[in-house]
Each structure stands twice: as structure tokens, then as C-alpha cells.
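Next come the chains, spelled out residue by residue.
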Amino acid sequence: ETGVTQSPTHLIKTRGQQVTLRCSSQSGHNTVSWYQQALGQGPQFIFQYYREEENGRGNFPPRFSGLQFPNYSSELNVNALELDDSALYLCASTDRGGRGRIGELFFGEGSRLTVL
Amino acid sequence: SQQGEEDPQALSIQEGENATMNCSYKTSINNLQWYRQNSGRGLVHLILIRSNEREKHSGRLRVTLDTSKKSSSLLITASRAADTASYFCATRAPSGNEKLTFGTGTRLTIIP
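Heads up: the protein sequence lines correspond to chains A and B, in order.
If you're matching positions, the first sequence starts at 108 in this note's numbering and goes up one per residue.
If you're matching positions, the second sequence starts at 74 in this note's numbering and goes up one per residue.
You may find that some hints are simply not true.
Now the in silico label distances, taken between C-beta atoms and shown as ranges [claimed, not checked]: (1) B:167 / A:191: 28 to 34 Å; (2) A:148 / B:117: 14 to 20 Å; (3) A:167 / B:113: 18 to 24 Å; (4) A:121 / B:124: 23 to 29 Å; (5) A:169 / B:137: 27 to 33 Å; (6) B:97 / A:119: 17 to 23 Å.
These aren't lab readings, by the way, just hints derived from the structure by calculation.
Model, not experiment: these values are computed from the prediction.
The C-beta atom is built at its ideal place from N, Cα and C for all residues, glycine as well.
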């Protein structure tokens, strides 16, 4: 157990809809990252939040957006869903400036999104 | 985009044998990490090696890093059925945030 929890675990949406995925970071971790993992591929970095501000973004369009809250939990929002958005969405936390400074990430179990 | 490739894409060995997976990457790194993933679930951190290190051990795991060749290898000794999983290497850039760039993964199957 990594202490990182994600919800929901599975969900099905249709094209054009919007989705919100949630993540609770490990206690004491101030940095949250989101990754998209398509079937059979490695995870791809979407963005990272540190102390409620976006701190790096991968090659994803603006319809992928996020938030980090004062308790360091986070949300990933995807608007205007497309079929290719079907994937496992992984949240990872670390403690920048603390023990996690070396870069080890603690991942949740993921939210599997299917877009029909 | 993926940072690099892992080789082989799939590997099946008998329980008790050693498993070796290789990873290549493209750009300079601060560190390289290996993660394990069971059946599309979350990733579990296995081991981290810094760019100024050449070899590191953790239990049955041995990782090597050759920055001149931009490559790394993960050796799992005395494999067990429970080692069946996908293994990913991930690199962190020398500066900036904690973003990891993952490889394509090796699917390891241990045959009891």
C-alpha cells in the first residue's frame, strides 16, 4: 500500500462528456502528478501540482486540467472526451523537499476510464 | 512520448532462473528508476539509481546504469511466480520538477 487513493476505480463515459478523477496523496506529500497509461504502453506525464500550482505539463491539450487543494489532494478534469482518452489514469505523490526529494513516486491504483 | 525502449518486450522464464531486462533512454538524466506493475494496477517503486552511480542492489534486484550508452539493466535473481508483472524504467531529467518519463515496459512471466 502506497497511501495514495484514487476514485473512482472504473468509469464509462461517452464522447463529448466531461469527467473528474480524484486523488488523495500520501500523508505529508505536497506534490501530485497525473499520468495517462494507454493499454500496452508506459505511463505518460500529464501534469504536476506543487502547493496548489501547476508545476510542469506534458504534451496534453488544454481540455486536460487539474486542481490541487490545500490538503494536497488533487483532481484531474477532462472535457470533451474522445475515444482515445480511454486509459488508466494514475496519480502519484511525493514530498518535495522531504524524504521524497530524490524523486521516488508513490502511485495510486488508478482510475480506468472507458470512452464509448 | 516515451523516453526510450525496453528490451525484451516480453520474457518468460522458469521459476528460480534469473531475469534480465534492459532499458535505453535518449536524454540526460538525474536518476533512473524501475517500477513494477501488476495487471494494469498501480506502479510500485523498486529501485532508484542516480546518474553518478553505476550499480545498485536491493534484495534480489540488481540495477546497472551506463550513462555513456544511455542504458540500464534490471536483474531479478532467483525469480518467483510472484515476480510475474510488467516492469518499467523511468528517467528523471537533471532539473525541473519530478516528472518521470517511462519506457514501454517488459512483461515478465515466471513459469512455476
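These are the hints, each one checked on the structure:
{"no.": "1", "hint": "B:167 / A:191: 28 to 34 Å", "result": "holds (32 Å)"}
{"no.": "2", "hint": "A:148 / B:117: 14 to 20 Å", "result": "holds (18 Å)"}
{"no.": "3", "hint": "A:167 / B:113: 18 to 24 Å", "result": "holds (21 Å)"}
{"no.": "4", "hint": "A:121 / B:124: 23 to 29 Å", "result": "violated (45 Å)"}
{"no.": "5", "hint": "A:169 / B:137: 27 to 33 Å", "result": "violated (41 Å)"}
{"no.": "6", "hint": "B:97 / A:119: 17 to 23 Å", "result": "violated (37 Å)"}
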